[in-house]
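Student: Next come the chains, spelled out residue by residue.
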Amino acid sequence: MDALLKIRNLKKDFAFGSLLSRLRITAVDDVSFDVMPAEIFALAGESGCGKTTTARLILGFEEPTSGTIIYKKGKKRRKPKKREKVWFTQGVQAVFQNPFETFNPLRRAERYFFETVRNYGLAKGGRCAESLIDETLNAVGLSFKEVSGRYPSEFSGGQLQRVSIARALLTKPSLLLADEPVSMVDASIRMSIVNLFKQLRDEFGVSVIYITHDLATAYYVCDRIAIMFRGHIVEMGEVENVLMAPKHPYTKLLRESIPEADPKKRWKESVSLTDIEHEEYLRKGCRFAGRCPEVMDVCRENVPPDFTVDGVFVKCFLYDEEGLMTQIRQSAVTDDAE
Amino acid sequence: MNGVMPRTVLRTEQLKAFYILDAFGTEKIVKAVNGVSVQIRENEVYGISGESGCGKTTLLKALYSAIEPPLRLVGGKVLYVRDGEEIDPYSLSKEEKRRLRWEYVSYVPQGSMSVLNPVKKLKDSYSDFLESHVEGKTRRDTTAIAKRHLHELGLPPRVLDAYPHQLSGGMRQRVTIALAALLGPRIMIADEPTTALDVVVQRGVIQLLKSIQESLKNTIVLVTHDMGVQANIADRIGIMYAGVMIEESTVERVFEEPLHPYTQYLINSLPKFGDKSMRQSAPGSPPSLEKLPSGCPFHPRCPHAMDVCLQEMPEVVDVGKNHRVACWLVEGGGDGRAP
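In order, the protein sequence lines correspond to chains A and B. For the first sequence, the residue numbers in the numbering used here are 1 to 338. For the second sequence, the residue numbers in the numbering used here are 1001 to 1339.
Don't take every hint at face value.
[Claimed, not checked] Have a look at the derived ranges for each label pair, beta carbon to beta carbon:
# : chain 1 : residue 1 : chain 2 : residue 2 : range
1 : B       : E1290     : A       : F204      : 51 to 59 angstroms
2 : A       : M36       : B       : T1195     : 33 to 41 angstroms
3 : A       : R78       : B       : D1275     : 55 to 63 angstroms
4 : A       : R291      : B       : D1128     : 17 to 25 angstroms
5 : A       : R291      : B       : R1148     : 40 to 48 angstroms
6 : B       : T1195     : A       : T68       : 32 to 40 angstroms
7 : B       : T1195     : A       : R24       : 41 to 49 angstroms
Simulated from the structure, these hints should not be mistaken for lab results. Just so it is clear, CB atoms sit at the ideal spot from N, CA and C, and this is done for glycine as well.
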């Protein structure tokens, strides 16, 4: 099966500070992944790992410094024609973190639906549009009657997030980009939103890029997962392999640090934390080297390539079985000799 | 329990705290805490959980005696037990209350960025704080005390020379917690101390809270909506729903044998590693505290709702083994398990 979305060597630099003391941070560094049709793909990591920047690059809110984004064989261009843009946004829709910020509080929720219908020419005439909107709202467990005439503040957080998802579904997209869609929703109704993504995948064949910091829900909902750390994807593969048998030391740390909802599984050891975050971005080799319990000399100097272990991509020299490490070391020695 | 009842340090009796708002002549009453009785013991971590808008933070404010209009104490009592003596903080003078704060009960608020003064170095914040509570100390003494304190808690003393914005969120939160523990309070009240932190950092913050509690042998009242955090640190948990404490027990029992249907939904909907079976959320959405449903506030969402639930709020009953629950299913003499 062909991939729905192909991301290749995506990179984004941000610069901070004044002209004289410029600080360049690579927020997304050499990120490549595929999203298959009817698949929930999770991009997980802590804040500042580049997951939201990746989403913004895909949606075209930011221009990548380098790299390519290919959606259904159509390469995303720097300055797309209007027709291309409409085609792309019709297929790729977004759901954001806080539904109360997604919608303008002074605008009735249904206005967004009619606007989307008009922008994409989805229906002819008001009656036709209404039935289309009703149909879409039914898919998320709401109806046009419940939504029409109401302002965003009149919905609960969970309901409004459903409205936001329904709005995204209106164009019948093949890919939904959901950036932390449940982090603002109460625990008791969180799973109903998460289940909705599963249902969309199974019934309509919609693919979802599920961006989250919550590995437990990611495990529950997604098929494949990529763990990001300071701009790199450090581990990527089937969720069962990645989260149940983590390979990269960072994934291990992350996995152990999730407080499990089981009083019998309390933590015993302690962790070390960084004081200053941007130092990790500027690190030369592997960015986890400063905190890694299994750090080697080579990690401090070189960014590890992706190694494949049991069908999982791991960006870590620990899995370097073919001796790439020694090659690098040798070449360093010869460089010195010259 | 070894026969000896642990001593209570903080208790409330039918506490009611409402927000009374006067908007254009019409009075609006938000019943944020609606009759809560808890007994919090010495040397324990007492967790309070519930959805946003269930009154957790308001309960904490009442416990810390920081009630300010439009929030008002409508009924009931908060009592601190200090050296066997019961003190009602609301009857104290301003000065007495100020003495009590930080020395006997301290507070770790949500969002550490707004706690520390952004234009002062941390050592100045520490000094200000020490000068107002400990008399006859010079600047050098206070800095030395602050340094020693941070060192004991395993935090780098060099943060004292930094401004709050120069620290990472996790370090800032830990410094705030350290500040709250500086005078060795018997009760520490923490409001969502780990929310908005990354998992690894969150773990560090929880570790710090735990180690403070273990060394001071004091009481921590921890509010968080994250059940994973509760499972990791709390000894006992109270679950709040719409301003009422609906269930309270040891952490093990709440996770293994929740009796209230709401708690059951809450626990059963938690995703677990290694288990991909379908999870169900509680139906409906949380009620508005302005217009509470009649009877038990959970009845519109409850799959086991009976006629009596629509009419009357169930009393909190003790089902033994440190387990208290407010539900008619339990009142009815059954074992409370959903039929």
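Student: Which numbered hints are broken by the structure, listed smallest first?
Tutor: The structure conflicts with hints 1, 3, 4, 5 and 7, although it agrees with all the remaining ones.
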